[in-house]
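Starting from the known structure of chain A, arrange chain B on it as the hints suggest.
Residue numbers (this note's numbering), protein chains in the order written: chain A, 1 to 278; chain B, 1001 to 1301.
If you are wondering where the hints come from, they were derived from the structure by calculation, not from laboratory data.
Yeah, the Cβ is synthetic: ideal placement off N, Cα and C, and Gly gets one too.
Heads up, a few of these hints could be off.
Stated by the list, open to error - Pair by pair, the computed Cβ-Cβ distance ranges are:
| no. | chain 1 | residue 1 | chain 2 | residue 2 | range |
| --- | --- | --- | --- | --- | --- |
| 1 | B | M1148 | A | T13 | 22 to 28 Å |
| 2 | B | V1286 | A | R73 | 52 to 58 Å |
| 3 | A | T13 | B | V1033 | 51 to 57 Å |
| 4 | B | D1048 | A | R104 | 28 to 34 Å |
| 5 | B | Q1210 | A | R73 | 28 to 34 Å |
Claimed, not checked - Output of the computed footprint for chain B on chain A, the stretches with three or more beta carbons under 8 Å from beta carbons of chain B:
| no. | region |
| --- | --- |
| 6 | 97–109 |
| 7 | 140–146 |
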Amino acid sequence: MTMARAREFRTGTVALYAALVVFGALSLLPLLWMLSASFMAQGEATTFPPALLPRNPTLVHYRDLFGRLALGRYAMNSALVATVTTIGALAINASAGYAFAKLRFRGRDATFRAMAAGLAIPVQVAMLPLFLLIKSLGLVNNYGGVIIPGLSSIFGIFLVRQYALAIPDDLLDAARIDGASEFRVFRSIVLPTIQPVLATLALWTFLATWNDFMWPLIVLSDDRKYTLPVALAGLVGEHAQDVELMMAGAVITVLPVLILFLMLQRYYVEGVTEGSVK
Amino acid sequence: MTAPSARTPRTAWIAPGWWFVAPALTLIVVFFVGPVLAAIVLSFTDFDLYALADPRAARWVGLRNYSRVLQEPLFWQALRNTLYFALVGGPLTVAASLGAALLVNARALRWKGTARAVFFAPFVTTLVAVAIVWRYLYHPRYGLLNWMLGHVGVQPIDWLGDPRWAMPAIILMATWKNFGYNMLIFIAGLQNIPRELHEAAALDGATPFQRFRHVTIPMLAPTMFFVVIVTMIGYLQLFTEPYVMTQGGPLRATTSLVLYMYEEGFRWWRLGVAAAIAFLLFLVIVLFTLLQRRISPRGAA
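Next up, chain B with everything else stripped away, as it sits in the complex:
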């Protein structure tokens, strides 16, 4: 045996880089990669409350969980609700972000820092807490929102109690909570537009609106597509808002895929079924990600 010389301890055989990344990689493998792979296996078993007590009780059931979930009307409703939230809420949030960014970035504006902080404040707040606040803002009789709308002649709306309004109400709340985040990204994007472009357009007699339409929008378009898709992917994971504000109701109108998964998995302890739901959600997210890859320019993503 050729012992390593005294000056080179055994550990030197492993590149120092690995020692630096080892703690992080170990944690990621054990607490993320491993569980993701295990979830595939779990989704093919009938893991339930009995198996929770004794894992040997779980049996392999092949694709049965998937076929059961796909035949469940509640799954399709949860999917529709989730897509509604993402496809309407995503663009709406991004539109609000863009509006706020244009405001903050306007050259005539003073106190830019203050404006930016005010718009960003909702994003840093605790979701559970502000969801509770909005529950009361949405109160059909005493809520601030109906009172304000009453001034412009709108009849009281039962925001969270009417199946048609519950999802729009959650979308509005999420837009309020999240627009500040993308606003920061847009502000950075706006500042990257060369000032000469605007000046040249102004010299050619373009009105501010024309400059917005023909200079700002085309220059910002790549960022915009990217941001819309990323926001929608985040929105596909809707959970806390319906959990706190509506418990998925009324008439299941706000039950999202993640809430459905949570109920199956952690309320009824049907972990096999819940894992199948999780993978179906993953599939939807993969579709959105592929879309993002396709439209994002120069590999910006």
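Pulled out of the complex, with its shape left as it was, chain A reads as follows:
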């Protein structure tokens, strides 16, 4: 390598890392500030120039949130709704995705195409009659009303189908010849084979349900039943001035999903690349 080329290479690398640091800082700064401000004393985050780190870190806002403001209840509500939705969605979408990929039945492809077309319809169109339906079923202000419409997802079915297409037919036929029922084949051969995509589906469903705002906001009217995001949006109305308290609330809401994502990143990323580049 000539000297000029080497120098060009080195400045290129420096520029690369500089850009990386800037981009990374912009990406993390709001989250780091949220964390830092949540440990500040009341009023410390509303000073000029802005305080970046707490002078005397305090847990008082977390104590307030879990004590006086009962945020623990909302966290439990969110955990319950997200867990039940995830388990149900796994069972329902995994069996449908597998059938669309590997079982032959009349009307399969037409049904699948119709479903794909449905993806283009925004959920908001269905929301108003869906609310009336939920109301007539007596599920307003009930977790059932939040959970049931989210159980079956076209995206989830697509995801599983895409993965299940790769299962060799010979494997399934061998089991059938041995006398296994279709259900048995699904349980003991298909499910173990598609485990990675089930992890992806579970993670996506859990995070999407945990983060969801508009639908639980519409369905849940009793504030004891709120999920975390709905409770947090209500809290900011009353406590807009308590920056540090609100930041602690934001940390409690965001931390579980961030931790889940960091632990299971690989599966999450799978969902993006599989789901979008169909």
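Then chain B, alone, in the frame of chain A:
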């Protein structure tokens, strides 16, 4: 009557495939397809608070909801706001995604996994929570953003209080939140570009910028168009950011179509009017989808 033999239970007359898809299809039909069709009917009625108590009170009003909404200045403002958000925010988000993807994909870079996780982290966070965080970052006096801009001589901006700045502020926040998603798609796209193309160009004496301009961009263009349109379609459904950060203000500058629909439907309980708004939004989305179909190559979508 010819009873099925003992070895074939009645259920065998239905192909097993249908049993596997039945729960999912039932749910989709009851909780999605049905409501979508019902929304068409709803948009032709004067369904309101009284009808909520007794559905028989709702009457057929034909196209009146549509004509009323189309004469409402607020509808046009919400449409303009929504298009502003999608048409500016979409490309901006995709540009940031591409930049991040090029960075992460650079061959000289180590800790690729860490960089990717850092850029992706905002996307997995809870929108309501980070929208609240940004409300404070945007504070005209104590906010971090104005303080940082002050260092380069920018006068304090009333981000969420000034009608001219409120939408740009929401766009900036949404860009921050969402660029990580498309970044992953671009990284996959970049890795599909044959390395020989870059090497051949380098042998011909192309500078890194020329290689980016004449190799990377053309190879990535199909993905890029697709991603821009998909992002814009998602952005047309803007709701949570203005709900949490501005309540649609100031002076309605951030009222989006979905927020307008929500207010009509779930605050004032004018469900007929709200359904008409929902269908007008759907119409806009259909236009974007047709555009996407037209420009996406090889039926990639």
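Now the hints, each set against the structure:
Range check, M1148/B to T13/A: about 27 Å between beta-carbon atoms, so the 22 to 28 Å window is met. Between V1286/B and R73/A the Cβ separation comes to about 42 Å, which falls outside the hinted range of 52 to 58 Å. Between T13/A and V1033/B the Cβ separation comes to about 55 Å, which falls inside the hinted range of 51 to 57 Å. Taking 28 to 34 Å as the suggested C-beta distance range, the pair D1048/B and R104/A does not conform, at roughly 49 Å.
Against the hinted window of 28 to 34 Å, the Cβ-Cβ separation of Q1210/B and R73/A comes to about 60 Å, which falls outside the hint. Remark: the region 97–109 of chain A is confirmed as covered by chain B, as 8 of its residues place a Cβ nearer than 8 Å to a Cβ of that chain, reaching the required three. Counting residues of the region 140–146 of chain A whose C-beta sits closer than 8 Å to any C-beta of chain B gives 0, which falls short of three, so the coverage hint is violated.
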